[in-house]
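Asks: From first to last, the protein sequence lines are chains S and C.
According to the working numbering, the first sequence is numbered sequentially starting from 1.
According to the working numbering, the second sequence is numbered sequentially starting from 1.
Put simply, identical chains are the same to the list, so a pair is met inside one copy or across any two.
Computed cross-link-like contacts, BS3-like style, restricted to lysine-lysine with a CA-CA straight-line distance of at most 30 Å: (1) 20 <-> 202; (2) 239 <-> 202; (3) 118 <-> 20.
Keep in mind the hints are simulated off the structure, nothing from the lab.
2 protein chains.
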Amino acid sequence: MRVAIVQNAPAFGQVRANVKTAIEMMDAAGPFDLAVLPELFSTGYLFRDAGETAALAEPLPGGQAFAMLAAYASKRGIRICAGIAEEASGRLFNSAVLLGPSGMLAKYRKIHLFDTEKACFSPGDLPFTAADCGGFKAGIMICFDWIFPEAARTLALLGCSVILHPANLVFPYCPPAMATRAIENRVFTVTANRVGEERGRKFSGGSVIWSPRMENILTCPDAEGAFVAEIEPAEAESKNITGRNNLFEDRRPEMYGL
Amino acid sequence: MRVAIVQNAPAFGQVRANVKTAIEMMDAAGPFDLAVLPELFSTGYLFRDAGETAALAEPLPGGQAFAMLAAYASKRGIRICAGIAEEASGRLFNSAVLLGPSGMLAKYRKIHLFDTEKACFSPGDLPFTAADCGGFKAGIMICFDWIFPEAARTLALLGCSVILHPANLVFPYCPPAMATRAIENRVFTVTANRVGEERGRKFSGGSVIWSPRMENILTCPDAEGAFVAEIEPAEAESKNITGRNNLFEDRRPEMYGL
Chain S
1 MRVAIVQNAP
11 AFGQVRANVK
21 TAIEMMDAAG
31 PFDLAVLPEL
41 FSTGYLFRDA
51 GETAALAEPL
61 PGGQAFAMLA
71 AYASKRGIRI
81 CAGIAEEASG
91 RLFNSAVLLG
101 PSGMLAKYRK
111 IHLFDTEKAC
121 FSPGDLPFTA
131 ADCGGFKAGI
141 MICFDWIFPE
151 AARTLALLGC
161 SVILHPANLV
171 FPYCPPAMAT
181 RAIENRVFTV
191 TANRVGEERG
201 RKFSGGSVIW
211 SPRMENILTC
221 PDAEGAFVAE
231 IEPAEAESKN
241 ITGRNNLFED
251 RRPEMYGL
Chain C
1 MRVAIVQNAP
11 AFGQVRANVK
21 TAIEMMDAAG
31 PFDLAVLPEL
41 FSTGYLFRDA
51 GETAALAEPL
61 PGGQAFAMLA
71 AYASKRGIRI
81 CAGIAEEASG
91 RLFNSAVLLG
101 PSGMLAKYRK
111 IHLFDTEKAC
121 FSPGDLPFTA
131 ADCGGFKAGI
141 MICFDWIFPE
151 AARTLALLGC
161 SVILHPANLV
171 FPYCPPAMAT
181 RAIENRVFTV
191 TANRVGEERG
201 RKFSGGSVIW
211 SPRMENILTC
221 PDAEGAFVAE
231 IEPAEAESKN
241 ITGRNNLFED
251 RRPEMYGL
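Kindly generate the complete structure, drawing on both the sequences and the hints.
Replies: Now the structure itself:
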């Protein structure tokens, strides 16, 4: 399976132009099966407050960014995971969707909000879910969720072979740590980080794909564009790591104080 | 606080000689407050079966390796964490103890057994615990426990600022992954790995200390000896990582399927 990571540099608030640019990057990437775009790829990240967020958030499904991506996924027969600011009954969520050729496969609302996001979004109220991608399952977590091992663990225990991880990273800790998320759960992780500056903050690119064996499948440069790599989700199915060890069966929840 | 990692290359089954060598390494290390020795440092690792393990395991407290280390800890006024094969009422455990100048502070029995260990030991039956080290708490996990995020997480939630991690590593995955264990829990991790060959298997040294900020405090070479570094356990006390984020208070157990 070919995975494209789209590193865009959204212009704050320019939803239509940002989605158009991301689609142009995917057009230029050649053939792939699944694209992963950054957190809040269509709006930009640094909302000042909930009012500014409300002005740019959209219903999922139904909003402008969603509709443009859904049409593109349908046209190309691909899947796309992308982070989009969501408005739902007056509440705002830092969300991400997984779209297939026939519509939405999954929606996730960020469960662990980072710093000023707490002033702009409600914490996610939907459970972590495994989306059927035809032959394998994928699950979504967003950016800061990475630091909570419970997030990736929950997705893996739900049967996800691939963790889709839209992000807006400004610190260097996450990309190497995702190697641990991959090996501890025996899954592929796909972290898509944005690039560029916004309201004085620099985002670091360097998106990464890790394999269940802690192999670095792809590390992107700090530059705009779509970067493609090949993964085989079936490699994540077995949790047997020695003749006597199965990573999930060896867990001993009765000994954990979580 | 000065921490010494002791990388020994035990001669299989030569308990008295192995402990003596480890003590000589600590003597040569100069001043320190806490030493961490490898898993099964006194016996060697590659037991063929439970019978061979039984012939070399000892009661904790009370056995030969324990007594020699306890006397040394008392003489120097230091703490020592070391992995020792334990016999208890006919059962065998891959255990580790934390000794202080006045005796045993904690005992841990490896909860996640690796590969052929399952034929030689019973799985640990004691809970993860936080040992009071006078001003901070420390907890023990052993080798393969590293790959289960629940192990370090449990110790951190119990209040441990320092995770003591005796190991016998043959693969390269653990030392970099411990950086994730450190930052996700905002703790220090001290992984003490052995060196040398035993029954055809090569152990890789490269013991590491990571800080709560994912700083590499120490990486040891693949060589015998004691290696000393300075850490400040108080740096692990606060889990506040931004003005609005506390790593533990931000956890959302109701959303985890663990």
